[in-house]
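Undergrad: The lines below spell out each chain.
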Amino acid sequence: MTRPSTEQVWEWLDQVPDPEIPVISLVDLGIIRDVAWMGDTLEISVTPTYSGCPATSFINMEIETAMRGHGIQRLALKRQLAPAWTTDWLSEKGIAKLEEYGIAPPQPAGGPARCPHCGGTHLERISQFGSTPCKAQWRCTDCLEPFDYFKCI
Amino acid sequence: MELNEALERFALRMGDNTLILGHRVSEWCGHSPVLEEDIALANTALDLIGQTQLWLGLAGELQGNGKSADDLAFLRDAWDFRNLLLTELPNGDFGRTMMRQFLFDAWQSILLPRLAQSPDARVAEIAAKAAKEAAYHVERSADTVVGLGDGTEESHGYMQQALAYLWPYVGEIFDTDEADDCLAQAGVVPHFSTLKDEYYALITRVLTDATLDVPQDDFAHRGGRDGMRHTEHLGHLLTQMQWLQRAYPGANW
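The listed protein sequences derive, respectively, from chains A and B. First residue of the first sequence? That's 24 in the numbering used here, and the numbers climb one at a time after it. First residue of the second sequence? That's 2 in the numbering used here, and the numbers climb one at a time after it.
Since the hints were derived computationally from the structure, they do not count as laboratory data. C-beta atoms are modelled at their ideal positions from N, C-alpha and C, and glycine is treated no differently. A hint or two may mislead.
Unchecked claim - Derived contacts from chain B toward chain A, CB cut-off under 7 Å, selection only:
no., residue
1, G51
2, K133
3, E154
4, S156
Stated by the list, open to error - Calculated pairs, DSBU-like style, for lysine-lysine (alpha carbon to alpha carbon, straight line, at most 30 Å):
no., chain 1, residue 1, chain 2, residue 2
5, A, K101, B, K68
6, A, K101, A, K116
7, B, K133, A, K120
8, B, K68, B, K133
9, A, K101, A, K120
10, A, K116, B, K68
11, B, K197, B, K133
12, A, K101, B, K133
With the hints as constraints, model all of the structure from the sequences given.
TA: Following this line, the structure appears as structure tokens:
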């Protein structure tokens with residue numbers, strides 16, 4: 024087969040959903056750090072969000088399945104630790120999708136800007152941690168709904 | 002002492018601290034006072050275990066005999082562990098668990114950003130990753146220590162007791178040996194003595210905010226970081242943590 028371009032591979036990766044937050048892709052999440060061909064081997068560098076995130080090995084499997092599905096024969100997945108992942112790498116598209124999905128996107132101020140359900144700005148923190156390592160739990164005191172907040176790191 | 006050997010010892014100590022404390026904290030899973038705390042403790046444990054994989058991975062690499070982080074975690078016996086005694090102490094009540102967490106997080110939150118500047122890229126990249134997590138952990142554990150210390154008469158009493166119990170285990174953090182001296186001389190790791198004032202200033206500020214009396218006694222239990230005399234609690238912890246690999250060697254999923 025002819026080698027697909029790296030742009031093509033990035034597009035494919037942008038169709039692989041994050042296993043925990045399926046509305047955003049692995050590319051939206053900012054964990055794909057590099058795509059390159061080394062001879063006839065496709066190298067994809069992936070960085071973990073949190074060092075103990077249990078989704079990491081699952082994500083690698085998803086990447087492998089997707090690439091095999093597109094006919095990639097030789098694939099090498101590399102773990103890249105530095106520079107450490109930051110929520111600054113979330114894509115604009117990903118941020119919009121998070122909010123639409125009901126997860127308040129990260130803010131440099133350290134807390135959500137508004138309730139992802141009603142847009143209310145009277146908010147309180149329930150817990151610094153949430154259903155996954157990357158989220159915290161907040162509540163809107165306008166509509167009284169709890170919601171996930173994507174921690175800013 | 003050779004730099005490589007010193008670094009191996011250092012990585013082992015860092016990894017054993019996060020492994021043993023991570024396991025301890027995970028014991029709360031399903032038992033915490035409220036659901037949010039349960040989730041927070043489980044997430045903290047997860048971060049610590051993640052950091053363990055990195056540090057013990059480095060230790061294994063430096064040993065150069067093909068041992069993985071898993072081999073080091075599950076196939077060593079108590080006398081080979083190099084964690085601080087503080088990390089292996091039983092959880093006790095929720096207040097004591099959070100006090101222990103704070104005393105540890107405070108140390109990590111000071112040490113890791115320094116290590117992130119290390120000229121050794123392997124140390125620097127692990128530390129840069131872990132430093133972000135530690136900064137988040139110390140925010141929570143310090144808040145909880147203040148909330149409970151400066152809380153009701155009952156919660157205050159629990160926190161003062163927790164501090165009295167844990168205080169003699171704080172001093173070991175600043176013990177050093179020839180490996181630490183070697184790393185400091187090479188500029189790879191700052192000498193712990195240079196971080197001591199900053200640590201005591203931080204914990205004194207938080208404990209004072211928590212309206213707790215800071216003990217003045219500087220007696221310290223020792224024997225964890227050199228493996229000479231662990232508490233009796235470590236062996237019991239290992240029987241839980243390691244039983245699967247001991248009963249079914251090589252099992253995986």
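Undergrad: Does each hint fit the structure? Answer for all of them.
TA: Hint-by-hint comparison with the structure:
no. : hint            : verdict
1   : G51             : holds, 2 Å
2   : K133            : holds, 5 Å
3   : E154            : violated, 25 Å
4   : S156            : violated, 18 Å
5   : A/K101 x B/K68  : holds, 20 Å
6   : A/K101 x A/K116 : holds, 25 Å
7   : B/K133 x A/K120 : holds, 25 Å
8   : B/K68 x B/K133  : holds, 28 Å
9   : A/K101 x A/K120 : holds, 28 Å
10  : A/K116 x B/K68  : violated, 42 Å
11  : B/K197 x B/K133 : holds, 21 Å
12  : A/K101 x B/K133 : holds, 22 Å
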